[in-house]
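Enquirer: Going left to right, the sequence shown walks through residues 1 to 1073 as our numbering numbers them.
Hints may contain errors.
What the hints assert, rightly or not - Taking lysine to aspartate or glutamate pairs in the EDC-like style, the calculated list, with each CA pair at most 16 Å apart, reads:
id: 1; residue 1: Lys-787; residue 2: Asp-812
id: 2; residue 1: Lys-457; residue 2: Glu-428
id: 3; residue 1: Lys-535; residue 2: Glu-300
As the list claims (entries may be wrong) - For each label pair, taking beta carbons as the anchor points, the in silico distance ranges come out as:
id: 4; residue 1: Thr-869; residue 2: His-1004; range: 17 to 27 Å
id: 5; residue 1: Glu-166; residue 2: Asp-937; range: 25 to 35 Å
id: 6; residue 1: Asp-213; residue 2: Pro-586; range: 36 to 46 Å
id: 7; residue 1: Glu-443; residue 2: Lys-489; range: 16 to 26 Å
id: 8; residue 1: Pro-145; residue 2: Met-224; range: 21 to 31 Å
id: 9; residue 1: Lys-647; residue 2: Glu-667; range: 13 to 23 Å
id: 10; residue 1: Tyr-805; residue 2: Ser-694; range: 24 to 34 Å
id: 11; residue 1: Asp-213; residue 2: Asp-412; range: 53 to 63 Å
id: 12; residue 1: Ser-694; residue 2: Asn-464; range: 52 to 62 Å
id: 13; residue 1: Pro-145; residue 2: Lys-1003; range: 55 to 65 Å
id: 14; residue 1: Leu-1028; residue 2: Arg-997; range: 41 to 51 Å
Keep in mind the hints are simulated off the structure, nothing from the lab. Where a beta carbon is used, it is the ideal one built from N, C-alpha and C, also for glycine.
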Amino acid sequence: MSTIITEYKMESPYLEAIQHIPGKTPGEKYKALNCIARKLIDDAMETNDDRVKSVDVKSSAELPECLVPIVRLEVAKILHQPDGIHLFPKNYKEFCFTTLYKYLKYYPQDEKLNLLMSTFNDLYGISLLECTDLISPDLLRLLKPEERIRIARKEIEKDDTTGDIEYSWICYLPTNESIPLIKEKISKESVINNRSEYLQELIYTCSINKDNDALLNVLEYIFMQHKNEQNPVIPNVLNRLCTDFDVKNLPKEHLIIVDQFVMFLHVKNKITNYLIIASLISDLIFTKLKHNEEFHKYIELYIDLNSEREWEYIKWNILQNNPDYERKCMVELITQMCMHKNGHAAVNSLLSSMYDFNGRNAKAKVPLEKLSITNYPILYEAVKRIVTRDRQTVNNWWSIRTDELLEKGEKDIFLAWYDKPKSPEKFEFHNSNVIKLLQKSPEKIIENWDEYLKLCKSKITSRNLARRFLRYSRWHQDLPIMFANQCLKELEIKENVDIHKNLHILAVLYEGSSYEKLFTPFIPESKTLDLTNSKTKSEYKLNCSILWSLNIVNPPVSFSPIFEFCQGDYVHKAVNTLDNVGRRVPVEKVIEFSKTLVNQKVFVKKHGIRLFYQVASHDQIRETMSYLWKQETHLSIREVLYQNISKLFIDAPSLQSWSMIQTCMDEVTTEDHFWNRIFDISEVPDDFYERYISKLLETIKRIKETKNDFGPSQSHGYIIMDHLSSLSDKTISLLFLITVLTNGPIKLYGQVNGVDLIFNSLDLKNCFYSKRNSMYQVTCNNLGMRKIPDNLKNDIQVGYFDGNYLRTLRNDAFEKYPKLSYISLEKSAIQKIDSGAFLHQDNLIALNLHENLIAHLEPNIFENTNLQTLYLGMNELSDEDFNITIDSNINFLDISENHLTRIPNLKHFYYLKYLNVSNNAIVSFGVDEIASFCYLDVLDVTSVELNLKQDHCCELSEWILLKKIKLFPTIKCNNCKITSGNSYISNKTLEIFDECRQAIKMKHNAIKMKKIITYIGLGFIAIIIIVLIIFIYGKKRVYKKSADYKIDESRDFEEHNIDDVDSQSTSQFETRL
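Using the sequences provided together with the hints, build the complete structure.
Expert: The structure is reproduced here in structure tokens:
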């Protein structure tokens, strides 16, 4: 009985609120509820850009919190009665199912689809399912399987080449049809990004069909066949799995494979998406706890996952929705962290997580036992050492944070501690001064040799300074022996978790042949990872360190030990090492070794071919590539061979290399992976251009004659139009071009004037239109364009032109597209931007110029008043390009990886919130340089080697803390006493900040004054118009009265004259008589 009641309450969350509604009878209560909802609709309803109405129902003095859910439901029901028809656009082509469906958030789930489809049919007189252009993935997922499959087949007949996984119509077919089709595409695909999308489609189609059995087969297939794909293929697949499935509730056999994926990525250090892996680990922990199984392995994995992050800021609370599980995780996590080598760095984050749990736990109806540091002796002692420090010499911000956390969480313990331990000695190892110290005073280094060895281990893979220091140390008799003996001792004991770093040290100290003898015994017999062994990760790390160390040993080792790694799960690492070593070995040895690789498995063979091409002469390349072309039948190998043959033809055009290209084109089929590459004529040498096109057309004719399904979409005319982007740059015979297009093997669509047809279509190539978030966009990526097309639709709002060869942006580049709000020109080889390139873009909000060759920037690009986001990273800009005095509304600015030596002088960028200056040559900066950004939230200085003085460092730390700025990475200053009294911040800094605030205030006041003046002016004009109207109307009335008076007067005068004439005539008659 209790179970039934519990389920009933879960399904009816509004029952408790009914008693708070005014009225005694159900009818009175419903009437009162309806009145409240309609009043909210009248007062708070808003309409967005898609003409969708919404009401934000929040608690207030008139509306208690308990009534909010039931009022929301009533509002939704009212808006979806006949009045809701007004939510639909007038033209059915503007209908957006996704937007309207989201609006039905509070409408009964089983009635949503019927409501939308019936309303659509009533309003437009047509069924929504007949309008295939309006069908979205959200709609397909809601339909019955038979209807979904029928629509998907229709869409596939039209097109199935979309880049979005949700719009890949194959996924909506049954899994017994979709999975084989997708696997076939994967087998033929050589581009890693495309292969990644296809693998995600396998997960997505299982989700669409709700087929867990198919999902199990897919996961097993991906793990067995594609687990060694390059990053981020597997993380992307797992991300799709988390998006489409509730992982923690999957069957046990599914979770076993998920566990294998996570462990594999963990062992190989390929975890690039922290959030996804953390989510999967949480799901795995949940299932273990749910079934009362051991879960400490996943806690250890979760700790290791966070080892590369700043532990000071990590929140360790897992499974917060289940307090009992959360506490068990916290207990296990604290226990393991206390035993961790770097556990001391997580003291504050552990305290914060513990006391956060205690705070939420205290509010529970049945609280669990509180967490306390007294239950964990190691953590207890670590906190005690921090709190009982000498506060005169050690008072950094993280120690202060420990005080605050302990005082808030366990005040009695905090008040009992006041010891003052001494601070340890520190060794400088961040610049070349340590090498100078080694040269002038080697005894000081020898005295603390073990500390300097630790510093070398921590920095040898990230900075060249450690390697230079070790090379210099070889000139001192005792020091290198001490280093080498200690490293060899640790390698023999194998107790330290960082033993692999000893190999890096030895690789610098030893010569190549000696080092080869040293590390050879460590090479594993099996090159396949054993995921069930707990030591596998440390062994994998050690073996990868062997391969990495071979990059720095000098002279280099032989190829033999590297070749042993060219199999199993070490192939990718070994290949990278081969590239490095191959550049430092005599050419004869490299050629000999590359021939050995050619006889190995496919992946190794491909790399052997590439390595051979890098070092061999042109004659050797021609001979070897011709031989391999005749022997090899594997599609991937043939693709690599064609790439090298094509590159040879481009770099060293000759009759011999042209003959090799002819052989390739004579044998190519549409199944070859390099089929599309033969149509890329942008780099064909001018001397062979006409012959290449003729051969290309002959190949198309041969394919069309031998392959029946070579339809119009693959016809020679279509492909030529699609790939002749550089035709106008070639010095070829126009007569030849016209002859080919009109009298060639196949006429170009039957057009006599084929030249005009091509030249008119060059810019459009593969540009395609779409509509996202109610914005009309065009995508023209990676098309080799030399200029922005001038024949696109002029109402586009978003334009993607990435990966082209634009070189220069002319003044008229976007003149025909004034509605553009977002322009992306990433990786387009732009060197120059004319001053008027964006002059007509009044609606421009975001501009992406990332990764180009821009060496100078016109200041007027910042004059656009609507521009808010600007990407300028990875260009050639210098400090002079940012001496800007123009007021700008930009709030997001990325200028990373340029040639800046200081923070840009952008005093008039008052609204800047995000500034990225990472990977520049900035050595130091002061608070004054960022104080002018009074709205700054994020400052990214990653990979900037800052050399801050003590007082500048303290001032910067205090300013960041005071203004709550997020600095990446964080800086740590010693002996800074940061208080609320602004002890380090100068008056000049505060004045600069106040100037920014004052400027913004004046700007807002000016805008207000402008509006007021505008309103006054409009009012004055209105008054003048009214006065003029009154004056004209009055004048007309006066004129009319005057005219009437004159008419009456003239009539009286005429009558008077007639009387006079009559009297004179009578008197004369009487006189005569």
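Enquirer: Each of the hints needs a verdict: does it hold here or not?
Expert: Now for the hints, and whether the structure bears them out:
no. : hint                           : in the structure
1   : Lys-787 / Asp-812              : holds, 10 Å
2   : Lys-457 / Glu-428              : holds, 15 Å
3   : Lys-535 / Glu-300              : holds, 13 Å
4   : Thr-869 / His-1004: 17 to 27 Å : holds, 22 Å
5   : Glu-166 / Asp-937: 25 to 35 Å  : holds, 33 Å
6   : Asp-213 / Pro-586: 36 to 46 Å  : violated, 57 Å
7   : Glu-443 / Lys-489: 16 to 26 Å  : holds, 23 Å
8   : Pro-145 / Met-224: 21 to 31 Å  : holds, 29 Å
9   : Lys-647 / Glu-667: 13 to 23 Å  : holds, 19 Å
10  : Tyr-805 / Ser-694: 24 to 34 Å  : holds, 26 Å
11  : Asp-213 / Asp-412: 53 to 63 Å  : holds, 58 Å
12  : Ser-694 / Asn-464: 52 to 62 Å  : holds, 53 Å
13  : Pro-145 / Lys-1003: 55 to 65 Å : holds, 59 Å
14  : Leu-1028 / Arg-997: 41 to 51 Å : holds, 47 Å
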